[in-house]
Amino acid sequence: MIPMNDAFPPLSPLHPLRPGDLVALVAAAGPVTAERAEGAKRLLEARGLRVRLRYDPRRSRRYLAAGDDERWADLWGALTDPGVAAVWFLRGGYGAVRLLPRLAAQDPPPAPKPLVGFSDNTALLAFVRRWGWPALHGPHPDPDDPDGVDAVLGSLGFWGEPARPAQSGLRLWNPGAWEPRVAAVEGGCLALLAALQGTPYAPRFSGKIAFLEDVGEPAYRLDRMLWQLVAAGAFEGCRGVVFGRPETFVNDASERATVEELLHEFASQAPFPVLSELPAGHCRPNLPLPLGRRAYLDPEGGRIAWIESLVEP
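Counting along the sequence shown from 1, when you hit position 288 you're at 288 in this note's numbering, and nothing is skipped either side.
Please keep in mind that the hints were generated in silico from the structure rather than gathered at the bench.
A virtual CB, placed ideally from N, CA and C, is assigned to each residue, including glycine.
Please note: incorrect hints may appear among the correct ones.
[Claimed, not checked] Below, computed lysine to aspartate or glutamate pairings styled on EDC-like, alpha-carbon distance capped at 20 angstroms:
hint, residue 1, residue 2
1, Lys41, Asp142
2, Lys41, Asp150
3, Lys41, Asp21
4, Lys41, Asp144
5, Lys41, Asp147
6, Lys41, Asp107
7, Lys41, Asp56
8, Lys41, Asp81
[Unchecked claim] Ranges of calculated distance between the beta carbons of each label pair, as one might list FRET restraints:
hint, residue 1, residue 2, range
9, Gly301, Tyr220, 28 to 36 angstroms
10, Arg171, Val230, 15 to 23 angstroms
11, Trp76, Thr258, 22 to 30 angstroms
12, Asp144, Gly237, 21 to 29 angstroms
13, Glu38, Arg171, 39 to 47 angstroms
14, Gly83, Pro57, 22 to 30 angstroms
15, Pro82, Arg62, 14 to 22 angstroms
16, Ala166, Arg284, 17 to 25 angstroms
17, Cys283, Trp76, 29 to 37 angstroms
18, Gly39, Pro13, 39 to 47 angstroms
19, Pro82, Arg171, 43 to 51 angstroms
20, Gln106, Gly48, 19 to 27 angstroms
21, Gly132, Ala166, 40 to 48 angstroms
Work out the full structure, taking the sequences as your base and the hints as a guide.
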């Protein structure tokens, strides 16, 4: 068991994913249909991977993929299996946070491997980063989104040189004399990051670039969650905040102007640059982001570019 603290340790070295490697598909949060799970398995097999589907839709319980004991067995089994090269979450939804105390009671498995997912799985990605494990904030395997699957595989070096994401055209919310900066990127779904505040698993962004995104929330909830992070001190020492695409944050188009006001208010008081329009998270395309790897952020130029890939070339 490792102590919980604010720090994200350096990433462990990781080799690229290769044809014939074994990938575990795990539903640690909400359920998916049998058709989607089997479709994801077939899609990865068609790419030349072996797949272990650790999910049975018959075990679904309310809004969970299965009971806590079953989901824990699936997750821990995948994390500790020396034959598994990567763990890819099937879906977000809700339920990942219920497994954090069980993870905290364990020593890190000896063989690091990448975890891939987003949304509710932000909680699990942030946790394994405390082990120094790699994490990829990216699409869940969806047979209706083969491009997203291929983008994840690119980040894992499956196609050759590992992808290093880059994005121009970001919107700067607090223009000023901001110098370009280089820092590791951490973050994910705003709702999950806010929910973790006040727990032993709460992330901090000192010395980091924070990435934040969300989907379908009323504007007042976004306001509350963002300022909860501020009040908790999560942004102390932060090097910059990059939001996803604000139009995805709310369901009601009439609230988009309110979201813009919220971002203006936040940025006007921030001692670091605040940008948005990074196409990652609850959107398509959902750009895979290597968490813990360093990126070059040019606030005035509206650009971010990772200078380190998740896996070794």
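Indicate whether the distance between the beta carbons of glycine 83 and proline 57 respects the range 22 to 30 angstroms.
holds (24 angstroms)
Assessment of proposed distance window 29 to 37 angstroms (beta carbons of cysteine 283, tryptophan 76):
holds (31 angstroms)
Pair hint lysine 41 and aspartate 147, alpha-carbon separation not exceeding 20 angstroms
OK: lysine 41 and aspartate 147 at ~15 angstroms, within 20 angstroms.
Outcome of range test on Cβ distance (glycine 39, proline 13; 39 to 47 angstroms)
violated (33 angstroms)
State, for the Cβ atoms of aspartate 144 and glycine 237, whether the hinted interval 21 to 29 angstroms holds or is violated.
violated (41 angstroms)
Using the Cβ atoms, figure out if glycine 301 sits within 28 to 36 angstroms of tyrosine 220.
holds (33 angstroms)
Has the hinted range 14 to 22 angstroms been met by the Cβ atoms of proline 82 and arginine 62?
Given about 34 angstroms between the Cβ atoms, the range is violated.
CB of arginine 171 to CB of valine 230, is that within 15 to 23 angstroms?
Hint holds: Cβ distance 20 angstroms, inside 15 to 23 angstroms.
Against the 20 angstroms threshold, does the CA-CA distance of lysine 41 and aspartate 81 hold or violate the hint?
At roughly 18 angstroms apart (the allowed maximum being 20 angstroms), aspartate 81 and lysine 41 satisfy the hint.
CB of proline 82 to CB of arginine 171, is that within 43 to 51 angstroms?
Taking Cβ atoms as reference, proline 82 and arginine 171 lie about 45 angstroms apart, which means the hint holds.
Is lysine 41 close enough to aspartate 150, meaning Cα to Cα at most 20 angstroms?
Holds: lysine 41 and aspartate 150 sit about 14 angstroms apart, inside 20 angstroms.
Proposed proximity, aspartate 107 with lysine 41 (alpha carbon, max 20 angstroms)
violated (30 angstroms)
Checked against the numbered hints given earlier, this structure breaks hints 6, 11, 12, 15, 18, 20, 21; the rest are met.
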